[in-house]
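A.B. asks: Below are the chains, spelled out letter by letter.
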Amino acid sequence: MESIKNLFKKNISQYAMLIALVFIMLFFQILTNGILLVPMNVTNLVLQNAYVFILAIGMTLCILTGGNIDLSAGSVVAFIGALCGTFIINLKINTGLSLVLALAIGIAIGVWQGFWIAYVRIPAFIVTLAGSLVFRGLTLFILKGLTLGPFPESFQRISSGFVPDILARPKGALNGTALIVGIAAAALYALSQIRRRVSHRKSGFETAAFPVFIAQISFIAAAIMAITVWFARYKGLPIIFIIIGLLILAYSFFTMRTVPGRYLYAMGGNEKAAQLSGINTNKVLFLAYVNMGALAAVAGIAFTSRLNAASPQSGMNFELDAIASCFIGGASAYGGVGTVIGAIIGALVMGVLNNGMSILGIGSDVQQIVKGLVLLLAVAFDVISKKKAR
Amino acid sequence: MADIILEMKDITKTFPGVTALSRVNLAIRRGEIHALVGENGAGKSTLMNILSGVYPQGTYSGSIIFEGAECSFKEVRDSEKKGIGIIHQELALIPYLSIGENIFLRNERAKDNIIDWDRTYQDAKKYLDLVGLKENPHTPIKDISVGKQQLVEIAKALSRNVKLLILDEPTASLNEDDSAHLLELLLDLKSKGLTSILISHKLNEIARVADSITIIRDGLTVETLEKGKDSMDEDRIIKGMVGRELIDRFPKRTPKLGDIAFEVVDWNVFSPLNPERQIIKGANFNVRKGEVIGLAGLMGAGRTELAMSIFGRSYGLHISGQALKHGKKIELGNVRQAIEQGIAYTTEDRKTAGLNLIGDIKENITIAGLKKLSKRWVINRSREIGVAEEYRAKLNIRSSSILQKAGNLSGGNQQKVVLSRWIFTEPDILILDEPTRGIDVGAKFEIYTIINQLADEGKSVIFISSELPEILGISDRIYVMNDGRIVGEFSRGEATQEGIMKCIMQSAAEGGNGKH
Numbered sequence: 001m002e003s004i005k006n007l008f009k010k011n012i013s014q015y016a017m018l019i020a021l022v023f024i025m026l027f028f029q030i031l032t033n034g035i036l037l038v039p040m041n042v043t044n045l046v047l048q049n050a051y052v053f054i055l056a057i058g059m060t061l062c063i064l065t066g067g068n069i070d071l072s073a074g075s076v077v078a079f080i081g082a083l084c085g086t087f088i089i090n091l092k093i094n095t096g097l098s099l100v101l102a103l104a105i106g107i108a109i110g111v112w113q114g115f116w117i118a119y120v121r122i123p124a125f126i127v128t129l130a131g132s133l134v135f136r137g138l139t140l141f142i143l144k145g146l147t148l149g150p151f152p153e154s155f156q157r158i159s160s161g162f163v164p165d166i167l168a169r170p171k172g173a174l175n176g177t178a179l180i181v182g183i184a185a186a187a188l189y190a191l192s193q194i195r196r197r198v199s200h201r202k203s204g205f206e207t208a209a210f211p212v213f214i215a216q217i218s219f220i221a222a223a224i225m226a227i228t229v230w231f232a233r234y235k236g237l238p239i240i241f242i243i244i245g246l247l248i249l250a251y252s253f254f255t256m257r258t259v260p261g262r263y264l265y266a267m268g269g270n271e272k273a274a275q276l277s278g279i280n281t282n283k284v285l286f287l288a289y290v291n292m293g294a295l296a297a298v299a300g301i302a303f304t305s306r307l308n309a310a311s312p313q314s315g316m317n318f319e320l321d322a323i324a325s326c327f328i329g330g331a332s333a334y335g336g337v338g339t340v341i342g343a344i345i346g347a348l349v350m351g352v353l354n355n356g357m358s359i360l361g362i363g364s365d366v367q368q369i370v371k372g373l374v375l376l377l378a379v380a381f382d383v384i385s386k387k388k389a390r
Numbered sequence: 001m002a003d004i005i006l007e008m009k010d011i012t013k014t015f016p017g018v019t020a021l022s023r024v025n026l027a028i029r030r031g032e033i034h035a036l037v038g039e040n041g042a043g044k045s046t047l048m049n050i051l052s053g054v055y056p057q058g059t060y061s062g063s064i065i066f067e068g069a070e071c072s073f074k075e076v077r078d079s080e081k082k083g084i085g086i087i088h089q090e091l092a093l094i095p096y097l098s099i100g101e102n103i104f105l106r107n108e109r110a111k112d113n114i115i116d117w118d119r120t121y122q123d124a125k126k127y128l129d130l131v132g133l134k135e136n137p138h139t140p141i142k143d144i145s146v147g148k149q150q151l152v153e154i155a156k157a158l159s160r161n162v163k164l165l166i167l168d169e170p171t172a173s174l175n176e177d178d179s180a181h182l183l184e185l186l187l188d189l190k191s192k193g194l195t196s197i198l199i200s201h202k203l204n205e206i207a208r209v210a211d212s213i214t215i216i217r218d219g220l221t222v223e224t225l226e227k228g229k230d231s232m233d234e235d236r237i238i239k240g241m242v243g244r245e246l247i248d249r250f251p252k253r254t255p256k257l258g259d260i261a262f263e264v265v266d267w268n269v270f271s272p273l274n275p276e277r278q279i280i281k282g283a284n285f286n287v288r289k290g291e292v293i294g295l296a297g298l299m300g301a302g303r304t305e306l307a308m309s310i311f312g313r314s315y316g317l318h319i320s321g322q323a324l325k326h327g328k329k330i331e332l333g334n335v336r337q338a339i340e341q342g343i344a345y346t347t348e349d350r351k352t353a354g355l356n357l358i359g360d361i362k363e364n365i366t367i368a369g370l371k372k373l374s375k376r377w378v379i380n381r382s383r384e385i386g387v388a389e390e391y392r393a394k395l396n397i398r399s400s401s402i403l404q405k406a407g408n409l410s411g412g413n414q415q416k417v418v419l420s421r422w423i424f425t426e427p428d429i430l431i432l433d434e435p436t437r438g439i440d441v442g443a444k445f446e447i448y449t450i451i452n453q454l455a456d457e458g459k460s461v462i463f464i465s466s467e468l469p470e471i472l473g474i475s476d477r478i479y480v481m482n483d484g485r486i487v488g489e490f491s492r493g494e495a496t497q498e499g500i501m502k503c504i505m506q507s508a509a510e511g512g513n514g515k516h
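Quick mapping for you: the protein sequence lines, in order, are chains S and U.
One point on numbering: in my numbering, the residue at position 381 of the first sequence is 381, and numbering is uninterrupted.
One point on numbering: in my numbering, the residue at position 228 of the second sequence is 228, and numbering is uninterrupted.
With the rest of the complex left out, here is chain S (with noise of 0.2 Å):
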């Protein structure tokens, strides 16, 4: 019993999230009579919640450096949906060399903000501030002010597309690809946490009492499952779903589990000290923005397949979004602390308040006071509970 109060009480900013996240969807499951939670909703969730979710994965690295944040995301997003439309629709280059060519030209993005952030020192707001202004500029310069779209099949399918049922079983069952991969998802998570485990009892650490193990994996399990049944109740398992899930899979083992990450953090709690560690912190900094350069183009290549157009004003804002989502999930605003799956929670506390407010006909207007106050709660809920911790 003392471990699972001690356990809580260790992580209890993180679950603390989730658990309000598990409160925010009941309550509008409650008042929206049950919609919220209808299989086509859950679905349409991840997939206009899809840019958020991916710009907090590359904000959360950044942030975690030292607070440093991108305020260029949004504009990057919508410069990297005119440049798809140029090749795709104005000069006919095929979509899967178009999709090379975003990518490149996302991390050359990361690379030219990276130098000036890293390298000259720039603080990172004021480099992103002034990338924010140049991207919006050239994508107005390169769309000419006007939309361009439609976009052909095959662009559009890596935002609307679903995986498709391998089995081949009739229309309205299940989805069968859905359930495979989520049985073989909550077979692999149970079987490494086993293998975590047993490695470390066999090298004498202290693990959790055995009836807490299983109650830890059997939730988790029966959440993979949960959510794949969901989506396969309507259409199958959505490709970007897919392409988030590989992307918060490799950051989250990329941050926790890799030499790189761990300096991300050193970097955050104590720069100096990280450089007297020999870390090259130039360099960390620098790879953090390249980074986000590259997942800001994949968010804007998974905006513009979504809205089927490339628009001078798409991307307005995402930035923020992507800002509060790392830091309602946990993130420290002078870095060194926060996660990936942290800042997922906080995207979809941020997408659920704003479905389920849409759902219910409340006005952009209040839903964005909900939204900042929501923000703002958080954080400091997160501030008083570290100090009372002290």
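It should be emphasised that the hints constitute simulated quantities derived from the structure, not laboratory data.
Don't take every hint at face value.
[To be verified] With a cut-off of at most 30 Å between alpha-carbon atoms, the simulated DSS-like pairs for lysine-lysine come out as follows:
no., chain 1, residue 1, chain 2, residue 2
1, U, K134, U, K229
2, S, K272, U, K405
3, S, K272, S, K387
4, S, K283, U, K405
5, S, K283, U, K325
6, U, K227, U, K239
7, U, K9, U, K252
8, S, K283, U, K375
9, U, K163, U, K74
10, U, K375, S, K202
11, U, K81, S, K387
12, U, K371, S, K272
13, U, K325, S, K272
14, U, K281, U, K328
[Stated by the list, open to error] Anything over 12 Å on all C-beta distances counts as not near chain S; from chain U, calculated:
no., residue
15, T14
16, H181
17, K202
18, E226
19, D259
20, R277
21, I319
22, G327
23, T346
24, G493
[Claimed, not checked] Using C-beta positions, here's what the derived DEER-type ranges look like:
no., chain 1, residue 1, chain 2, residue 2, range
25, S, G245, U, L105, 50 to 58 Å
26, U, L273, S, P150, 53 to 61 Å
27, S, A223, U, L403, 48 to 56 Å
28, U, E67, S, S385, 35 to 43 Å
29, S, L191, U, S400, 39 to 47 Å
30, U, Q322, S, L91, 41 to 49 Å
31, S, N90, U, L97, 56 to 64 Å
32, U, G321, S, G245, 51 to 59 Å
33, S, L376, U, A92, 25 to 33 Å
34, U, D456, S, S385, 43 to 51 Å
35, S, A108, U, L97, 37 to 45 Å
36, S, A108, U, L403, 37 to 45 Å
37, U, D456, S, L377, 51 to 59 Å
Using N, Cα and C, we set each Cβ at its ideal position, and we do this for glycine too.
Given the coordinates of chain S, work out where chain U should sit on it, guided by the hints.
C.D. replies: Chain U alone, transformed into the frame defined by chain S:
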């Protein structure tokens, strides 16, 4: 008969889970210098925070009687109004404001909220004269040395008509000259009627200036020693602090010296702020396998700059000179290279440059040697935990677990974490910059023991410290630095405190206006 200005009675303060102070009593006579000593964590700072109102009334029990009246301070302003001033270890000055502006911060020379700048600087000058600081009051704080900043803090307190001045470790970051000046000033102010409470780890200073000494141990008042009545020498004070007599402050070691392991030849470094100014001037030194060398000198002598410029050019511009390891020239172009060449450096400032305070013990221990724990950039978690546990046990890092945040550790344990990090990189040469600064007597002894072990294992240790007794106690050989030069070398047998000071003074005299 004695005129008691302040009495704190039965002060008890608890934090969640711990009792910081338990029925502590303190009585201060008017016009005396009263020293407060105790190991780190004994409760000195907590007691002073209660006195100055940082912890408001109601968060502790007991009573404070100041000038005959019972006080209930709700915030720092309340205690200031009564005439209690506190100068914290971390100075509370604003670097980009001038001396004058800092002195009158929150106490501006103003009429109707419009500042009278003429009066500000005239008055500032007056207070600077009072503390014996010859600086233009228009000078920004960042341009004067820490020693002078300390004097500005005192001037600031005097400008508020303090009756009781509390100084928390005022000489911790001062060199011997500045420390001596500060102590003289305290005696001078005492003769003018000021009462002060001095918190310090430097027992020789306390023995020199204090009229009475209150010793606190583990949140309890142990005893109060009175000048003239009790013996007030260092050994007597230490006995009270640790509750036993420390026969040997320095653990013994029989050096087993090998060949010269590391040598620096004709090392020159220029200031990064002013590339014209040479900070290190043709320094030469060497250290043998299994040897501990001490680097003595006053603050600003260039010891830290020398060490950091060697450690992968972490300091300075236009660095020239050669570094040789076992007689072979080595490149030390950046920190990574230095680490790979088997050099380790622990900073003099644990908190701002040594530790990731929000990171846990484990991360702090492994960060410089992560590559040893990883394969294709992926960290082996089990091995990492194993390494952290090993060092936690080996260096006796007192903590709840390896997941405790470094920021929540005491100074001594923080230093052990830093040492663990560098021992884990398996260095041949360790440069330890002020490794015992601000840590208590018991922890110091542990650090000395670790240094001795390292030397016994055949590593070479370069030990930088501003405390001469410590350098004398731990080093096999001592280099003396002054004004960027190595001006003397003493073997263990011939080194004395007086000899080293004389060496510094002579070189300063020869260097003429070489000092800045």
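A.B. asks: All the hints need checking, so say for each whether the structure fits it.
C.D. replies: Structure-based check of all given hints:
At roughly 39 Å between alpha-carbon atoms, K134 (chain U) and K229 (chain U) are farther apart than 30 Å, so this suggested pair is violated. About 18 Å separates the Cα atoms of K272 (chain S) and K405 (chain U), which keeps this hinted pair within 30 Å; it holds. Restraint check for K272 (chain S) and K387 (chain S): satisfied, since their Cα atoms lie roughly 25 Å apart, inside the 30 Å limit. This hinted pair checks out: K283 (chain S) and K405 (chain U) have alpha carbons roughly 26 Å apart, not beyond 30 Å.
In summary, the hint linking K283 (chain S) to K325 (chain U) is supported, as the alpha carbons are separated by about 29 Å, within the 30 Å threshold. With a C-alpha separation of about 17 Å, the suggested pair K227 (chain U) and K239 (chain U) falls inside the 30 Å cut-off, and the hint holds. Proximity of K9 (chain U) to K252 (chain U) is assessed by CA-CA distance (about 43 Å); at most 30 Å being required, the pair is judged violated. With a C-alpha separation of about 21 Å, the suggested pairing of K283 (chain S) with K375 (chain U) holds against the 30 Å cut-off.
As the CA atoms of K163 (chain U) and K74 (chain U) are separated by approximately 19 Å, the hinted pair is consistent with the 30 Å bound. As the CA atoms of K375 (chain U) and K202 (chain S) are separated by approximately 20 Å, the hinted pair is consistent with the 30 Å bound. Simply put, K81 (chain U) and K387 (chain S) have alpha-carbon atoms about 29 Å apart, close enough for the 30 Å limit, and the pair holds. Distance restraint check for K371 (chain U) and K272 (chain S): the Cα-Cα separation of roughly 20 Å lies within the 30 Å cut-off, and the hinted pair is therefore satisfied.
Distance restraint check for K325 (chain U) and K272 (chain S): the Cα-Cα separation of roughly 27 Å lies within the 30 Å cut-off, and the hinted pair is therefore satisfied. Our distance criterion of 30 Å between C-alpha atoms is met by K281 (chain U) and K328 (chain U), whose separation comes to about 22 Å. At the 12 Å boundary, the C-beta of T14 (chain U) stays outside the reach of chain S, the nearest C-beta of that chain being 15 Å off. In this structure H181 (chain U) is separated from chain S by more than 12 Å, as the shortest Cβ-Cβ distance comes to about 30 Å.
Distance to chain S confirms K202 (chain U) as a non-interface residue, since its nearest Cβ pair spans about 27 Å, more than 12 Å. Remark: the non-interface label on E226 (chain U) is consistent with the geometry, its nearest Cβ contact in chain S lying 38 Å away (cut-off 12 Å). The beta carbon of D259 (chain U) is kept farther than 12 Å from every beta carbon of chain S, the shortest such distance being approximately 27 Å. Against chain S, the non-interface label of R277 (chain U) holds: every CB pair exceeds 12 Å, the least being about 22 Å.
Against the 12 Å criterion, I319 (chain U) stays outside the reach of chain S, whose nearest CB is about 16 Å from its own CB. The beta carbon of G327 (chain U) is kept farther than 12 Å from every beta carbon of chain S, the shortest such distance being approximately 25 Å. Against chain S, the non-interface label of T346 (chain U) is violated: not every CB pair exceeds 12 Å, the least being about 9 Å. With a least beta-carbon separation of about 35 Å from chain S, G493 (chain U) lies farther than 12 Å from that chain, consistent with its non-interface assignment.
For the pair G245 (chain S) and L105 (chain U), the supplied restraint of 50 to 58 Å holds, since their beta-carbon distance comes to about 55 Å. At roughly 60 Å, the beta carbons of L273 (chain U) and P150 (chain S) sit within the given window of 53 to 61 Å. Checked against the hint of 48 to 56 Å, the C-beta distance between A223 (chain S) and L403 (chain U) comes to roughly 26 Å, which is inconsistent with it. Checked against the hint of 35 to 43 Å, the C-beta distance between E67 (chain U) and S385 (chain S) comes to roughly 41 Å, which is consistent with it.
Hint check: L191 (chain S) to S400 (chain U), Cβ distance near 32 Å, so the stated range 39 to 47 Å is violated. At about 59 Å, the beta-carbon gap between Q322 (chain U) and L91 (chain S) misses the expected band of 41 to 49 Å. For N90 (chain S) and L97 (chain U), the hinted distance range of 56 to 64 Å is satisfied, since their beta carbons lie about 58 Å from each other. Against the hinted window of 51 to 59 Å, the Cβ-Cβ separation of G321 (chain U) and G245 (chain S) comes to about 55 Å, which satisfies the hint.
Checked against the hint of 25 to 33 Å, the C-beta distance between L376 (chain S) and A92 (chain U) comes to roughly 30 Å, which is consistent with it. Our hint of 43 to 51 Å for D456 (chain U) and S385 (chain S) holds, since their Cβ atoms are close to 47 Å apart. A beta carbon spacing of about 44 Å between A108 (chain S) and L97 (chain U) agrees with the range 37 to 45 Å that was offered as a hint. Separation of A108 (chain S) from L403 (chain U) is about 41 Å and conforms to the stated range, judged on CB atoms against 37 to 45 Å.
Between D456 (chain U) and L377 (chain S), the C-beta spacing of about 57 Å keeps the proposed range 51 to 59 Å intact.
In terms of the numbered hints stated before, the structure departs from hints 1, 7, 23, 27, 29, 30, listed from lowest to highest.
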